[in-house]
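Colleague: Here's the letter readout for the chains.
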Amino acid sequence: MRLSRFAADPASAHVRRLRRVAGSGAAATAALALVAACNGAGGPSASSVEVGPPKAGGTLTFALAADPTCLDPQQFGTNASLNVGRQLVDSLTDQDGRTGEIKPWLATSWEVNPQATAFTFHLRPGVTFADGAPLDGAAVKANFDAVLALGAKATVASSYLAGYRGTAVLDPTTVRVEFAAPSAQFLQATSTMSLGLLSPATLAKTPEQRCQGDLVGSGPFTLRSYKPNQSVELAKRTGYGWGSSLFAHPGEAYLDRLVFKIVPESGVRAGSLESGQVDAISDVQPQDEARFAAGYTVLTRPNPGVVFMLQANVSRPILGEDAVRRAIAKAVDRPEVAQTVLTPKYKAATSPLASVTPGYVDLSAQLGYDPEGAKRLLEEAGWRAGSDGVRVKDGRRLSVDVIFAPLFNASQSVLELVQQQLRRVGVDLRLRKLAAGEQNQTQNAGDYDFAYYNVTRSDPDILRTLFGTRTVNRLRIASGDLDTVLDDQAQNLDPAQRFAKVAEAQRIVTDRAYVVPLFELAQVHGLGPKVHGLTFEASSRLQFHDTWVG
Amino acid sequence: MRGYLVRRLLQAVVVLWAAFTVSFVVLYLLPGDSLSIKLGGLEGTATSAQIDAVRAEYGLDDPLYLQYAHALGDALGGDLGRSAQTGAPVVRTIADALPQTLALTGCAMVLAVLGGGAVALAATFTRVRALRQVLLSLPAIGISMPGFWVGLLLVQVVSFQWGLLPAMGNEGFESLVLPAITMALPAGAMIAQVLAKSLTTALAEPYVETARAKGAGRVRIHLRHALRNASLPALTLAAVVAGNLLMESVVVETVFSRAGVGRLTAAAVDTQDLAVVQGVVLLAAGVFVVVALVVDLLYPLLDPRVGRTV
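Sequence lines, in order, name chains H and X. Quick note on numbering that gives the first Met the number 0: the first sequence kicks off at 0 and runs consecutively. Quick note on numbering that gives the first Met the number 0: the second sequence kicks off at 0 and runs consecutively.
This is chain H alone, in the form it adopts within the complex (with noise of 0.2 angstroms):
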């Protein structure tokens, strides 16, 4: 097998960087650059005010929106699951959020085949999980195999690894994953926690009992208490020394215990933070922002991933129709959403992609506000304007509904917007609130005509995932050149090639505007004045490794 060596030195990160940078040539450069710069200030190093040299001991109490429900990073994959998770597992790899390069973690370096079908992990020796176990080859094997297992129960975790054809243990500290289709994406997925490491014991657990608290890692911090609705509690992992490259310091983590409170009501959240009755507290709603514009520290930062966005099911009769998607995409006045319904730390979508995910083009200028271009591609598709102002064709309303859950609490608000903005066109779109997991099955049946969501993913990737037809396709789009450009993405490992792939695909999904992208999901939390340190990943989820409190 010729490899082409990614990470040719475990040595040192410096020259696999430099050697890295300069064999994929100027365009990956300036898209890296350009993920980079649209980054700002959401990037990772947006924590807290830096007060002194970090303090090691103490405890942070931190109050989620809501119950992980399962602790399992493996299997859930919800924000407060994550979250927790996090904190107790490992991953051979990391990604900088800043860049969106993949940096060592557990694994000090890999090679990847041209064909992006079998990833060789060079392991760190003497990695241990809490239990005692060696982190080894072996182990890493039991994980892939044990996600494989888990099927529909790892729904996200078992996604990152289709295709997946085996791991093969070479020697104690260097494996081979092997798929039996190119699978770029894979190398992403290995930083996330969702592949983090379990220990085999805990492998060898029922899926039960893992998520409710049966679960040992090799992370920075170990889990003492889980208390379903009420808290989780960690505790610091005494010598631990394998930390991500992208850590800010080495060792163990500064915190010696942090504790989950689960704190369900918003205004109670809020307050409790005034009150000092937490330290820190997630999901702070637009609405009580500024109440922490002043001795508070507001940590926010994009989801990288898919926006929440309209995407239409291309099967309806009136969605199916071309001038009637991009008539809708110049509609929405996008700026006025992010402005009016939510605050400045949700950005208007400048793409169908976040601008924080890896190889994000900005495609604001297709997706500029132009109500009478609208107006235009209606009238010349035949859409008069009717008695009520709503136009029709033919006996038909232009009348189209979009479906949501309320996961997101403003999402009702931003789709009152937008359904007011499509009015003054002449288009009536029609709310459908469903329950959380009502969305999935009403898209799987494919009744109704726009579905709003986003999805959080710190790989291009997801754009396969959503509108690949030989995935779920929700959309319903016919196979084609979509496909095609999708597919070379997946197979690419030169960033530049890649993500020229990656922008032709964004282009080609906005401009027949199958979707419409309305705004990029932020995840807001409230820091205490005596938190310092804490972090994002580059999936916006949190990494506590180096918080301290003082």
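FYI, nobody ran anything at the bench for these hints, they're computed from the structure. These figures come from a predicted structure and were not determined experimentally. Watch out, some of these pointers could steer you wrong.
Simulated pairs of lysine to aspartate or glutamate, EDC-like, Cα-Cα distance not exceeding 20 angstroms [unchecked claim]: (1) 102(H) x 545(H); (2) 392(H) x 320(H); (3) 226(H) x 95(X); (4) 226(H) x 170(X).
Knowing the structure of chain H, use the given hints to seat chain X on it.
Modeller: Chain X in isolation, oriented as in the chain H frame:
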């Protein structure tokens, strides 16, 4: 008396079976199920084969009558199935949450009975007309205040502004005070209203005149004669209130970030976690049956005439 007890126990069994069956039918008729919600999350790309495998594991691919037979058989054996979200047994999930809610509703009930009783007694005892009017108007105010609002107000003022008591959690007695008061207010108001009315009626009864003629003091007449007779309707009401507290725990436990059956219910309804919802329905039915039974057994003690007719 023994025949009465047996009849009541049979009734209880029928009520529980009906609750089980109705909840099974209603919940399984709903579109959607918790497993698809959990497995087919919007980010998920689980294949239908994978999803089918998990559905089979939970027995969801069986015909409905078989699922019902299995569920009923398991329930008779004390197994209410597993939560589709967490995978934990429903019985254990509820058993873990129940003590928290019992402590909360128990405290609230004691506060409601003591507070409501005190208001009713004071209102009917006092000869100061203005005070009587004020006391009699309290229940109406108490009933009309929404629990959510009272809870948030208490949290804002007592916890956030004065810093006297914690706003959240299940730790210790302090964390119980504010939620118990929140729950006790409407419950106590109802008890006060009914008790005050029946006390007033009782005080006008001929036997009170008789007692008075025999030279009994005001306090003795009020507490010993009138209260004893007036407490029957209030006791019936207290039983209903006790059941209502279970429902109110959904709101109060959310506002005060407490673990308990209420929070469990809210979460289970949200994710259509049918096994858990059904477990809670059975629990609620069980509570109503037990409370009604206890009240019926207490009646003869308070009023010998009732005992003779059963």
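Colleague: Does residue 226(H) pair with residue 95(X) here, judged by a C-alpha cut-off of 20 angstroms?
Modeller: Holds - the C-alpha atoms of residue 95(X) and residue 226(H) are around 9 angstroms apart, at most 20 angstroms.
Colleague: Is the Cα-Cα distance between residue 392(H) and residue 320(H) 20 angstroms or less?
Modeller: Holds, at about 12 angstroms.
Colleague: For the pair supplied as a hint, residue 226(H) and residue 170(X), is the alpha-carbon distance within the 20 angstroms limit?
Modeller: holds, 12 angstroms
Colleague: Would you mind confirming whether the straight-line C-alpha gap from residue 102(H) to residue 545(H) stays at or under 20 angstroms?
Modeller: holds, 17 angstroms
Violated hints for the displayed structure: none, as all numbered hints are satisfied.
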